[in-house]
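Engineer: Sequence:
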Amino acid sequence: MRKLFKGPNDVDRIKELSFLLGFENSRRESYAVMRKRGGSLYLRGCNSSLENKASSLSEWNGWIPLQNIPLNPGAISNKARVIAEVNADILLLQEIEERGSLLDFNMKLLYGHDRVPYQDLLVLQGNDDRGRELAILTKNGFKVEEIRSFMDERTVVGELLFDTNLLQYKVSTPSKKTFWLIAVHFVDTGRDTESAANMRFLQSSRVAEIYQEMWDDGKENIIIAGTLNEVCYSHYLSPLLQKTDLKDITKHPEFNVDIDLGIDADYYRMGAYRKGVNIKQKDYLLLSPEMFKRAIKGGLNRKAVWPDKFGKWNVYDTIGSKEQAASEHPVIWAEIDI
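To convert, note that position 323 of the sequence shown is 323 in my numbering; the numbers rise steadily by one, no gaps.
One thing to keep in mind: the hints can contain errors.
Unchecked claim - Cut-off 25 Å, straight-line C-alpha distance, at most; resulting in silico cross-link-like pairs (DSS-like, lysine-lysine):
1. Lys297 / Lys176
2. Lys176 / Lys251
3. Lys251 / Lys293
None of these hints come from the bench; they were simulated from the model.
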């Protein structure tokens, strides 16, 4: 380390020691990467004195490399545009930073699209270490009366069952009727495909149990919505999609969506939503039999999704690249007479 000029062997040795001492270990947080080592940081000045620059107990003069990068302004604007176009009374959102950002988005961007902002916004912190939360927004007389979180549930080996959260809402309508809404977000595939798939099976099984418990308790008006990260015929979703009486809104006779352009309009890709809608289904809006009977129509809006690999469809004129897309997920909606 004291050599003024270091050769290749010296550099390799420094890398080895850095690895052995754990200097390469990083803990990823929501907004920064923090290298956590015991002790303090000292700098030696020209007068050979030691100056304490950082310690665990004092303010410190140091640095951290930030992970986050600003979102593309076009992507944010297009997100507001598609939400304003659907204009739902109840809106479920995923991967929310925090309530403050959501308030700004609601009051400034949605209002800019000539839509009445949502009156009520609920964001509950979950298990995601990157700060991606679930949110519900309501307006036009719809109110969240109760909320229940399942984020502390664990597997038999003590692992958190829901890496983000699972939220159950009791919602009242303007006419004072009630229904229940379960917001789900199953684990992403990530690197360990098999482990993630097995976890989704456990998550699917637990959500099916919760649904059955609610049904047995006399609750008939139930909606389950969110990202399941599997296609509908997957074994890992079978406890929820095949062993319950839940019905997918995409199977409703009045389910509307713009089909693909060109030859893909007559093609049905494995795992797609339907013929001519050739994006892999990961997002679901599931209805209990009573709610499905009350459903008037439904739809899928992907005008703010960039057609990256498979198929082409009509997108907003403000989207010219993947970076300007609102999301990789379409908006799924239903109109229900409660």
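Engineer: Each hint should be assessed against the structure and marked as holding or not.
Structural biologist: Evaluated hints:
1. Lys297 / Lys176: Given that 25 Å is the threshold and the Cα spacing comes to 22 Å, the pair holds.
2. Lys176 / Lys251: Given that 25 Å is the threshold and the Cα spacing comes to 29 Å, the pair is violated.
3. Lys251 / Lys293: Status holds; Cα separation ~12 Å.
In summary, the one numbered hint that this structure violates is 2.
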